[in-house]
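Position chain B with the ligands against the provided structure of chain A, taking the given hints into account.
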Amino acid sequence: MSTTSALGGVVRRREDPALIQGKARYVDDIKVRGETSAAFVRSPFAHAKVLSIDTSEAEAMDGVIAIFTASDVEHMGPLAAQVAIVPRPLLNGDVVRHVGEAVAMVVATDRYVAQDAVDAIFVEYEPLEAIVDLKDAATDRLLVHDSTESNT
Amino acid sequence: MEVSLTVNGRNVSSDVEPRTLLVHLLREDLDLTGTHVGCESGYCGACTVHLDGKPVKSCTMLAVQAEGADITTIEGLANGELHAVQEGFWERHGLQCGYCTPGMIMSAAGMLAENDSPSEGEIKHGIEGNLCRCTGYHNIVKAIEYAAAKMRGDEPAEPEWEVSS
Ligand code: FES
Ligand code: FES
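Chains as they are written, first to last, in numbering that gives the first Met the number 0: chain A, 0 to 151; chain B, 0 to 164.
Next up, chain A with everything else stripped away, as it sits in the complex (with noise of 0.2 Å):
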């Protein structure tokens, strides 16, 4: 049986009839006028050097308001959710750690469109060699970031 006392009995949530019966409201649900969409173009290599990155067909596209590539953002310092000693750039335009690294991002009206650039923005990478194994990462034979000693 439900009761509304909070002690010694079940409560029934107050949130939940909006939960329930899809009333609530997330983020993604809040329209704002003049609403833009981003995407981003994602390293497919663990590691690897970017060489160069071709923007110009996808600025060109209809729809397209800006594309961000490392050097636009650099000045605005690294992620601010640090979760290791190594900054992370909020765009890598060097080398790739991971594969899914952030490597430009596109501004367009609506998604299908900044996804629709994200797929005519070319990158270069010159793969290198990546560790995909704890034991090997732990004996530090190749450093994941030059900037530091070790891998652990």
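It should be emphasised that the hints constitute simulated quantities derived from the structure, not laboratory data.
Hints are not guaranteed to be accurate.
As the list claims (entries may be wrong) - Stretch by stretch, here's where chain A covers chain B in the computed footprint (C-beta under 8 Å, at least three residues):
1. 69-75
2. 82-90
3. 99-112
Stated by the list, open to error - Within a straight-line C-alpha distance of at most 27 Å, the following computed DSS-like cross-link-like pairs (lysine-lysine) qualify:
4. B:K53 - A:K22
5. B:K149 - A:K22
6. B:K53 - B:K123
To be verified - Label-pair restraints from in silico Cβ distances:
7. B:A112 - A:K48: 54 to 60 Å
8. B:S40 - A:V9: 36 to 42 Å
9. A:S70 - B:C38: 29 to 35 Å
10. A:L50 - B:G135: 44 to 50 Å
11. B:A112 - A:A79: 46 to 52 Å
12. A:V9 - B:D28: 37 to 43 Å
13. A:A137 - B:D28: 50 to 56 Å
The structure presented is a predicted model; accordingly, all values stated were derived computationally and were not measured.
Heads up, the beta-carbon is just placed ideally off N, CA and C, and yes, glycines get one too.
Here is chain B with the ligands on its own, set in the frame of chain A:
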């Protein structure tokens, strides 16, 4: 492209790009934001709706594929009342943040419409296409068992946390 379908009992038409996903038609054109997007790739089930009574993941369908179809979203499942599954989730703490919940409820309602006496294993199987990152599945299964009992006209089992004195 023009697409016409029925959504929650209402006839709607919308002009969409041929590649528009059904979930985006629902959320963006029709403002039915109760249907969520978790992965956009068919894994999480947050986008589950009913198409002609059967649960489908609306991120894996094009809006134009729903031409002429009858779609029910979480908003239209019980039209202001609570469906037994919705009640079950509330009563048995089947949710925390609620993000996966509309999809879970639509999958569960679809399953119970076919079988109102599922075993625990059948319930788990029925929601295996839905991922929840916070509640854990235990209470979700209990919530669906509660709903099944209600739909059969039985008294739902006492909650596990009810301590008899
Ligand atoms: S958003 Fe459709 S399955 Fe995840
Ligand atoms: S209740 Fe939060 S993801 Fe399921």
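Here is what the structure says about each hint:
By the rule of at least three residues with a Cβ nearer than 8 Å to a Cβ of chain A, the coverage given for the region 69-75 of chain B holds, with 3 such residues. With 4 residues having a beta carbon nearer than 8 Å to a beta carbon of chain A, the region 82-90 of chain B meets the requirement of three or more and the stated coverage holds. For the region 99-112 of chain B, the assignment as covered by chain A holds, since 3 residues bring a beta-carbon within under 8 Å of that chain's beta-carbons and 3 suffice. For the given pair, K53 of chain B sits about 22 Å from K22 of chain A by alpha-carbon distance, which is consistent with the 27 Å threshold.
Between K149 of chain B and K22 of chain A the CA atoms are separated by roughly 24 Å; this keeps the pair inside 27 Å, and the hint holds. Straight-line distance between C-alpha atoms of K53 of chain B and K123 of chain B comes to about 17 Å, which keeps the hinted pair within the 27 Å bound. Distance hint check: the CB atoms of A112 of chain B and K48 of chain A are about 56 Å apart, consistent with the given range 54 to 60 Å. Against the hinted window of 36 to 42 Å, the Cβ-Cβ separation of S40 of chain B and V9 of chain A comes to about 37 Å, which satisfies the hint.
At about 32 Å, the beta-carbon gap between S70 of chain A and C38 of chain B stays in the expected band of 29 to 35 Å. As the Cβ distance of L50 of chain A to G135 of chain B is approximately 46 Å, the hint placing it in 44 to 50 Å holds. A hinted range of 46 to 52 Å for the beta carbons of A112 of chain B and A79 of chain A is consistent with their spacing of about 47 Å. In this structure the hint that V9 of chain A and D28 of chain B lie 37 to 43 Å apart at CB holds, the actual value being about 40 Å.
One distance hint, 50 to 56 Å for the beta-carbon pair A137 of chain A and D28 of chain B, holds here, with the actual separation near 52 Å.
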